[in-house]
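Spelled out, the chains give:
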Amino acid sequence: MRDADAFSSLHPAVLFGYFVLIVGVNVVFMHPLVLGISFLGALAYAAYLVRWAGLRKLLPGLLIMMVIAALFNPIFNHRGVTMLFYWNDNPITLEAIIYGGVAALMIGSVLLWFVSYNKVMTSDKFLCVFGHVVPALSLIFAMVLRFVPRYFAQAKRIAAAQRGIGRDVASGSWYARARHGSAVLSIMLTWALENAVDTSDSMLARGYGLPGRTAYTDFKVRERDFMAALALGGSGLVVVVAIVAGVLHAEYFPAYAVGDWSVAAWLALGAWMLICAAPLLLGLREEAVWRSLRSNL
Amino acid sequence: MSTSVKTRLTWLFALVGIVAVITLGVLFPFDRNYYFIALAVITLSMLPFLAAFEGRKPEAREIVTIAVLTALAVAGRAAFFMLPQFKPGMAIVILAGVGLGRESGFVVGVLHGFISNFIFGQGPWTPWQMFSYALCGFLAGVFFSRSAERHSGFSSPLQKTLLIIYGALATFVIYGLLVDSASVLIWSSEFTWSAARAIYLSGIPFNAVHAFATAVFLTLLSTLIVERLTRLKTRYGLFQPH
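If you read the protein sequences in the order shown, they are chains U and P. Per numbering that gives the first Met the number 0, the first sequence runs over residues 0 to 296. Per numbering that gives the first Met the number 0, the second sequence runs over residues 0 to 241.
No lab work stands behind these hints, which were simulated from the structure alone. Quick reminder that beta carbons are idealized off the backbone N, C-alpha and C, glycines included. Any given hint might turn out to be false.
[Stated by the list, open to error] Where chain U lies over chain P, by a calculated footprint (3+ residues, C-beta under 8 Å):
1. 56-70
2. 119-128
[Unchecked claim] One-sided and incomplete, this derived list gives chain P residues near chain U with beta-carbon spacing under 7 Å:
3. E53
4. S193
5. T222
6. L223
[Unchecked claim] The following residues of chain U were derived to be distant from chain P, with all beta-carbon distances above 10 Å:
7. V13
8. L62
9. A102
10. A227
11. D259
12. L280
13. L281
14. E285
15. W289
Could you build the full structure based on these sequences and the hints that come with them?
Rendered as structure tokens:
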């Protein structure tokens, strides 16, 4: 299968680690600059992956979620020293409004990173990562993905056959339709379970569960996967250490304060910026290389 | 190392992990520590169940049966996508628990929550949905599977009615409360009662439709699925607890 872009062609383990790191920091660490950078990175990369047409469909829902997050905090959270006004006898504070804005950035960037996650971590890559750790569950996972489209096709066939003998799901009284619908479901279920027995017999015949069997994967670990893991892992370590050591620091209650701007803090922010921009940079770099090679031909 | 020792070690690991996470979170509070603690606790509490399933090296028939039920649940959610919250997934997860036992109820629940979100979008809510489905399926197995196995189906219409009531209540209370609590933690910095009340109240219509859908699908499907699953289970000697 063709990958969506250069970043997606990295080894699945690297990709999975990347998303765990980035969503983890987003969800746990509420820092306006960190989340702002992450939001911009997520927006740019999602826009690069799904283009404007894909993004246009997502933006309304995203904005609604962000507005709810921004309003939710000042309405229900009355901590903070700078009281602005009263709303329904409840004090609305500046700190809670700022916190709401940052929470909106958090929600927005997490949702946007998940847009990229859904595009990049396709199910085959997920299986590559977890096939060795949880073989039985991964096998079920792969089977379910295959069964779902197959069940839709079979349900259509059953419904057509039932229509042929006068049990149309789409016509008749409400009660008749429900009865015909459950007849289709019942046939469907019998078929699926019978099929399951055949499938498992076939699996046994091919030696399922014998010792020494391996999990097939199409992905190879290449040199650039090591490079990417090293670069991203190193930057990630810098960011996590900076957060745990309190170098990057943001406080909202009782008063809003964003940590002192030491060299170390800027260094950590730079590392975070590199992490957030990496997928897009890789993609753009590959496109530039491709164009320059083509024009030389 | 034998399977049961490994399973026990996983339990120990999860318990120690949960206690450690809560202690650390309380001793060294950080931003959004409530969200992080809750996420860590539910993830860790799913591990022993999945490790036990994985560790006993399930047979091919068990694997395919679980895949069939999960696929039906996922396909059902996709088939009813135009009716928000009216989805058969929970009913099928519960019936997996009744027909095959609590372990299978748990596994089908986890997988349904996880895989259906590949179609409907993964997000910070996924672990909570997985855990809530799994818990409802597990409890259905605890309450109903022994009687279903003994009678190869429902012992009486009363038993079926009880299952339908359980399904509606579990969906409304367990699933609704857990997933809505996740929303509170996702959206606000801490768990305040006024914020929680607002989310719970606005969640009532959605949870009510979901509970109603579960009751409807349990009414339509339960006799059929439970009979077939218990038959499969006794005929091939599957899903026997060790």
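For each hint, the structure was consulted:
Counting residues of the region 56-70 of chain P whose CB falls under 8 Å from any CB of chain U gives 13; the rule of at least 3 is met. Figure legend: the region 119-128 of chain P, annotated as covered by chain U; annotation consistent (4 residues with Cβ-Cβ distances under 8 Å, at least 3 required). The beta carbon of E53 of chain P is positioned within 7 Å of a beta carbon in chain U (closest approach about 5 Å), and the interface hint is therefore held. Because the smallest distance between the Cβ of S193 of chain P and any Cβ of chain U comes to about 5 Å, under 7 Å, the interface hint for this residue holds.
Hint status for T222 of chain P: violated, given a least beta-carbon distance of 10 Å to chain U, over 7 Å. Given hint, L223 of chain P at the interface with chain U, holds; its Cβ is 5 Å from that chain's nearest Cβ, closer than 7 Å. Listed as a non-interface residue, V13 of chain U keeps its Cβ farther than 10 Å from every Cβ of chain P; the least gap is roughly 19 Å. With a least CB separation of 15 Å from chain P, L62 of chain U remains clear of the 10 Å interface cut-off, as annotated.
In this structure A102 of chain U is not separated from chain P by more than 10 Å, as the shortest Cβ-Cβ distance comes to only about 7 Å. No beta-carbon of chain P comes within 10 Å of the beta-carbon of A227 of chain U; the shortest separation is about 22 Å. Non-interface status of D259 of chain U relative to chain P is upheld: no Cβ of that chain comes within 10 Å, the nearest being about 17 Å off. Even its closest Cβ contact with chain P, about 24 Å, leaves L280 of chain U beyond 10 Å, as expected for a residue assigned away from the interface.
Every beta carbon of chain P lies more than 10 Å from that of L281 of chain U, the smallest distance being close to 22 Å; the non-interface claim holds. For E285 of chain U, the condition that its CB be more than 10 Å from all CB atoms of chain P holds, with the nearest at approximately 26 Å. Here W289 of chain U stays apart from chain P, with its beta-carbon at least about 31 Å from theirs, past the 10 Å limit.
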